[in-house]
Amino acid sequence: MIYDIIVVGGGPAGLAAAVTAYEAGVEKILVVERDYMLGGILNQCIHNGFGLHKFKEELTGPEYSQRYIRRLQESSIEVATETMVLKVTADKEVHTLSEKNGFQVLKAKSVILAMGCRERTRGAINIAGDRPSGVFTAGTAQRFINLEGFMPGREVVILGSGDIGLIMARRMTLEGAKVKGVYELMPYSNGLTRNIVQCLDDFDIPLHLSHTILSIHGKSRLEGVTVAQVDENRKPIDGTEEYVACDTLLLSVGLIPENELSNQCGIHMDPTTKGPVVTQTRETSVPGIFACGNVLHVHDLVDYVSEEAETAAMGAVEYIKNASEKGDFAKTVGTAGITYVVPQSVEITKDTQRTKMYMRVDRVYANASIEATVDGKVLLSKKFERLMPGEMASLQVPGNVLDQAAGKELVFQVQGGEK
Amino acid sequence: MEKNFTCVVCPIGCSLHVKEEKDGSIDVTGNRCKRGLDYGINEWTDPRRIVTSTIGVVGGLEPVTSVKTVSPIPKGRIMELMDMLNKVMVEAPCSEGMVVLEGIFGEDNDVVVTRDVVKG
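So the sequence lines, in the order shown, correspond to chains A and B. Position 72 of the first sequence, counting from 1, maps to 72 under my numbering, and the rest follow consecutively. Converting from the second sequence to my numbering requires adding 1000 to each position, the first position being numbered 1.
There could be a bad hint or two in this list.
Stated by the list, open to error - FRET-style restraints, in silico, Cβ to Cβ:
no.	chain 1	residue 1	chain 2	residue 2	range
1	A	S133	B	K1087	25 to 33 Å
2	B	K1087	A	G254	35 to 43 Å
3	A	N400	B	K1119	42 to 50 Å
4	A	R131	B	K1119	15 to 23 Å
5	B	V1112	A	K56	17 to 25 Å
6	B	K1003	A	K56	53 to 61 Å
Simulated from the structure, these hints should not be mistaken for laboratory data. Ideal Cβ placement from N, Cα and C applies to all residues, glycine included.
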């Protein structure tokens, strides 16, 4: 049996990709998920704020995933849960392992990679000190509280002001813990402004910018951490050390796309996004293998993940039908304030549609523009009231601009803007 | 009297400037949509929040399920609601939309389940 499409991962990206391909007429689709249920990390994201773009209403994570799971259940899409994908090959074989079916090699005409991302841990940022229990990533604590019904601690320090850290500051406060502070290395928060307001300000939780944790103390259970202020080079400033007693440290220090399978498959990777290099259909450097969602680049809103998954699914559908036209590529490049652009290239054919480019900036800008240039000529400019690294920016590039970039570089840059 | 707020209605997070005129009317600027206007007025007069949390489940595949208030509750009563929620237990199976607390704080506001839990 050859599947038309195998989707690796049953989180928001995988669900949206499978449902979209099915609704576009593809029948033999399989979603492979390693957990026992579909929905991925959305299941533990019980807070609201999801779906405003996609559904024009405010949903919680489980409600958002449930909408896709229902559509999937009404379809003939096959689902293999508690199944681990061990390997994806360039000729589109998917090697799986499960208790029920053992080791299997499944074949597909097209593969969509939707493995999501994982959190950076203490090991990734190398904090000195003892190795007691009580040090968790924010997402692990979220899973304990919201799915497994355990409370990880009572007196909490949070390192990193990413959205998960902010949301867990509120969550732990609601459950009766005392959150002593959120410490952020950078001079700005990496979370959405709305989360600073409703997760920290609402509960009087202090946010310490330009701070880091120097050391962790405690033999068996965490007893405290040493924090310090950092200078503009992110080096601790002598004399600013302070001991903060706590029994729990939550780390919210960044997410990394989970690309072991992509690497093993020989897919070209982007060192900045840490995800595959893709075209506007989200096709990777291996023909017929597509990638979407947080495995491609880390998104701040699930709505964008779903949108991107739809794009990847339609790319896979066209690939199966062999309908994709061949054309010149335009390479997208981010410079002067733009840290990355996805997709990394656009295939220009005679009827290239306008294409949405996602990008991130290197610091906070007020009243700036993002410009798209070809050969130094500005072809497009969009104004932004505020640009910040924590919030993804997007730009719709019309077909006629893309045409002019065929075989060249389409360069994006930040223009103007106050600090 | 005037004050700046960050709108929390959606992830855009508009910077709102709210000003109360001498005649008592409230003027909101900086919002990009009607919901932001309403938020600005509410934040000035009666700040409210949607609250999401978990409740215990007996006999479910998971020991807890998630819940939310259907509409925002007064900000000052959030911990009061948490105390109420800590005493609520439901029996599996339970599904999205099931009402677990009705008309909280004497208002037309329910707490509903947001995640299905099947029998364990």
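Now for the hints, and whether the structure bears them out:
1. S133(A) / K1087(B): 25 to 33 Å: Distance hint for S133(A), K1087(B) holds at roughly 30 Å.
2. K1087(B) / G254(A): 35 to 43 Å: Given about 38 Å between the Cβ atoms, the range holds.
3. N400(A) / K1119(B): 42 to 50 Å: The hinted range 42 to 50 Å is violated for N400(A) and K1119(B), with Cβ atoms some 58 Å apart.
4. R131(A) / K1119(B): 15 to 23 Å: Once the Cβ atoms are compared, 40 Å apart, the range 15 to 23 Å for K1119(B) and R131(A) is violated.
5. V1112(B) / K56(A): 17 to 25 Å: 19 Å, holds
6. K1003(B) / K56(A): 53 to 61 Å: At roughly 29 Å between Cβ atoms, K56(A) and K1003(B) fall outside 53 to 61 Å, so the hint is violated.
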